[in-house]
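Spelled out, the chains give:
Number of protein chains: 2
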Amino acid sequence: MAVMEITNDNNKFEFREGEFIFKILQKNGIKIEVPCGGVGTCGKCKVRVVGGDISPLSSEELEYLSKDEIDRGIRLSCLTKAFGNVKIELLNTDENHKILTDGYMPNLKINPPIAKKIINLSECESKKNNYEEIVKTKLNVDEISDIECLKALQKSFKTGNLTSIFLNDKLIGIEPKNNEKVYGIAIDIGTTTVVASLIDILNGTEIASETMINPQKEYGSDVLSRIDFANKNENGLELLNKAIITGINKLIFDLATQNKIAVENIYEVSIAANTTMMHFLLNISAESIGKSPYLPVFLSGKNILSKDIGINISPFGRIYCLPGVSGYIGADIVAGVIVSELLKTEKNVLFIDIGTNGEIMLSKAGILSSCSCAAGPALEGMNISYGMRAADGAIEGIKFTENGVELKVIGNTNPVGICGSGILDSISEIVRTGLVGKTGRLINSNSSDKEYKKLIIEKNSKKFVQISKNPEILVSQKDIRQVQLAKAAIVSGFLALLDENNLKMEEIDEVIIAGQFGKHLTVESLVGSGIIPEKLGKKIRYIGNSSKTGALMCLLSKESREEMESVSKDITYYELSTKENYEKLFIDSLNF
Amino acid sequence: MAVMEITNDNNKFEFREGEFIFKILQKNGIKIEVPCGGVGTCGKCKVRVVGGDISPLSSEELEYLSKDEIDRGIRLSCLTKAFGNVKIELLNTDENHKILTDGYMPNLKINPPIAKKIINLSECESKKNNYEEIVKTKLNVDEISDIECLKALQKSFKTGNLTSIFLNDKLIGIEPKNNEKVYGIAIDIGTTTVVASLIDILNGTEIASETMINPQKEYGSDVLSRIDFANKNENGLELLNKAIITGINKLIFDLATQNKIAVENIYEVSIAANTTMMHFLLNISAESIGKSPYLPVFLSGKNILSKDIGINISPFGRIYCLPGVSGYIGADIVAGVIVSELLKTEKNVLFIDIGTNGEIMLSKAGILSSCSCAAGPALEGMNISYGMRAADGAIEGIKFTENGVELKVIGNTNPVGICGSGILDSISEIVRTGLVGKTGRLINSNSSDKEYKKLIIEKNSKKFVQISKNPEILVSQKDIRQVQLAKAAIVSGFLALLDENNLKMEEIDEVIIAGQFGKHLTVESLVGSGIIPEKLGKKIRYIGNSSKTGALMCLLSKESREEMESVSKDITYYELSTKENYEKLFIDSLNF
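If you read the sequences in order, they're chains A and B. At position 257 of the first sequence (counting the first as 1) the number is 1410 in this note's numbering, and the numbers step up by one without a gap. At position 350 of the second sequence (counting the first as 1) the number is 1503 in this note's numbering, and the numbers step up by one without a gap.
The set of hints was computed from the structure by calculation and includes no laboratory data. Nothing false has been slipped in among the hints.
Identical copies look the same in the list; a pair holds intra-copy or inter-copy alike.
Calculated lysine-lysine pairs in the DSSO-like style (CA-CA distance at most 27 Å, straight line):
#	residue 1	residue 2
1	1308	1460
2	1323	1289
3	1330	1385
4	1281	1722
5	1603	1591
6	1603	1561
7	1308	1444
From just these sequences and the hints, can you work out the full model?
See the structure below:
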């Protein structure tokens, strides 16, 4: 074992010689950004090696390092191995982006919609004959209309101190004390997962992040089944609404208490979500999203009182709901557009959020169009024979090798089932090794000359690929069909968008994979399973949970919020089901 | 008995020959405006006598009738007696003012802040891709931000009908139906009495009016004692707030049900009140109004959600609180300024609201200044030996005649006590008959040559004036002193205002007596008791409850509301206690 010393963090730990530096850092709880997953294609994981026994500079690194950086000892930590004791300096002051717990965020000027102004009332020598007038003048506002503000105002004249809270230059709250603290919460409500981050709005730092399974799951696993639940049960909508509100309150409470922050000092919750989740959040029926012509009740961004929907933060707290584009291109995707700066690019960029619902956005040099496709839950490990969530025991990586099947299991325990990224890996391997042909049909275990045919077994005259013998874990022909359908949905979706925009595949400069889930899918499996055509494989970039990142940007920057509002109106939405020849495109996309 | 027939109302009733026409009308529930109390000094109670046996035209009537009116048979109903069967035509279409249940209102153009717009959604052929956008365009609004509006919007697309509610051109509500009705409530919250009127906002008519004792009375009879109660009891403020909110809700409920109007069709409650009552209404402590420098928390007009203070009207309902001038010149007095058009006059007008707190406003040809004086509760019959409210059994009128003491008792029953107007009448008579001298001291029953000295009796060596023998009802020397203090407070108040404005008594053109209570005080008793100097007696005009009328005007007219806001800022307030020589002025004003 050798020792790694972090020179600017007073930290030391042992490691097994020969490991990549970024792995050593991650294992020891040091946050290091590796959006590409550690494959040397994003250049974000730079560290400075102050001294020690490390692998020599590789040609791949040269692509991402300037001469000056090389001179200073900067290296990509995902391509540099440590062979003995080593001293590392972390580079926290990256100029191009901030480090989030799970994703990329463009550089932004901190100019939050929520702001405070603190007044020392003993300094107010005024001839005004009422408290409101005295403070109005001092705060330069037209009126103080909120009753709770008036009550606090009165208390302020007893304490002598007054802290005013503004949202977009409108007075929204008064506290009878000196209180500089301003925290916010950025939330992504996914159909499956809810992520919340606690943000220090004053300096823009992410203090902590928490995740939970969307508690609405017990009423339906996807958007349509929840809409159906709400339609068929008298209090269905209320149950769905109560579930998410209770869940969010728990996340906020946990984040606040674990980080010793008073819930009262949280003033805004910024929320990105798909359109249906946003409706349920506001206790508004999404019935009309569930049937043609799929019209939501609202899409525009909403500023509402937190108390109006029962979210427990400051009594003056506000909720910002990000704007969406259509029933199936929600605020989560608009957030992704902002995070990946699709409006500002001069390239042709494909943005894909892979999930039960696949959303695809194309930026043709800044002109945006979008579509959504029902990929189904297979890619997230659902509706699959041995499918499971990404929890301990889930196979997340699979490789067919000469020695058999190599498995990567979450928690390094015995495998229990296969999660989404494992499914995709297995399909990728099944295709690579020729266990299926173009059509996706499994070969016969006895009639083929394929090397890996021994993995195919038959049970009750049905064919399976055996991933693990003990315990037995199989991939069925039906599983393969499920993934094939999902892949076809996504591929036909972006082919349709290319077609509408008169673009050829070769003209795509970049493919952005967004989402909590997407970031666990490797380039290899995405290409191997046919979701991303091979020629685009090298153009893949991962940006993590851009929905939450977009919500965070809207907490920190008025400009980002304005951009959200305007971008949401500039995105064209194509309803695939109404596109001519779409069915043919879909069928053509089924082949591996 | 003879019969009166109302020719334009299909109404007939019997009456005792020789009664005044206005009395017959009032007894039979016909509303007839008599701001002067029926003494022939306001000219407001005109009717047309179509035919019958009536008293001849009097010289007093000639002052108020044009030649044309006389030719048409128009008479003042308070000066015309009916001696036999008679046919009367009511004159409802007065050109100069509307008839209210209790007061004068200037002519005004109906242009209410609350308005509705009804949409037939089946006619909306739109390419917009969400309901909000479709309706925004149709209603020409920027956004629909209220969650309840969004919910109603959705229901509207099921019914096909949508009624939108606007307040000052801002969308505040949506109903999923066709609903043209718009009602409002105008309220005056007096320290003692609360009056509420149900208004049809579409045509500006007052449908009905209800009165109740301010339920806060059990916590203190005047403003200061209630502030004190709130200070000394932990939940004192909450009790006061709950009392008035519950009371107002009852008034509204009664008005609505008795007039078969759905509470949901009431969209705004416009409220005038003194500054302390306004604070309690919003559950805001009035502590600072109770002590020097008497600063209230707020004075400006407030638009708030009815649900925020627990008033039960439409779920989209609003409350408008009229603006005030200072801790002791409240919205009730600003309302009076609007109603009596003091800003528009070119005369010098004194406006006096007589009550526990006396408020005085002076318009020097449209330049407004004001002061308030603690008259004490004596003038309202409180703190007086035999004082009582104006209820059945209360003596409301007193005349010393050769035959003894003539009493006017409410309900025509045996007397029980003396109410405010009776007190003032008795003092007026005591002064007139010389039972007290200038200083207010009762003469000795044996040593004087005064005719009415037999009314003076002694008990335990204290002197009293005997108003009634059986049951015994007395006015004590202390009672006289109480009224004397009240009178001095008011007189010194307006003398101070005259002084500040360099005006002489002779230059006053008009004296307006405002208020529920004031309208029961006759010119005779006001002058006789010395509250109004004799030379101003003939200049007295009564406008009734101008506080409620002002609230009503703010329901019906955007212009009136704007006028309220601007007038409230244009009124100078003099704090009497800080005026030089005020004490001398007060002492000088004590003398009868």
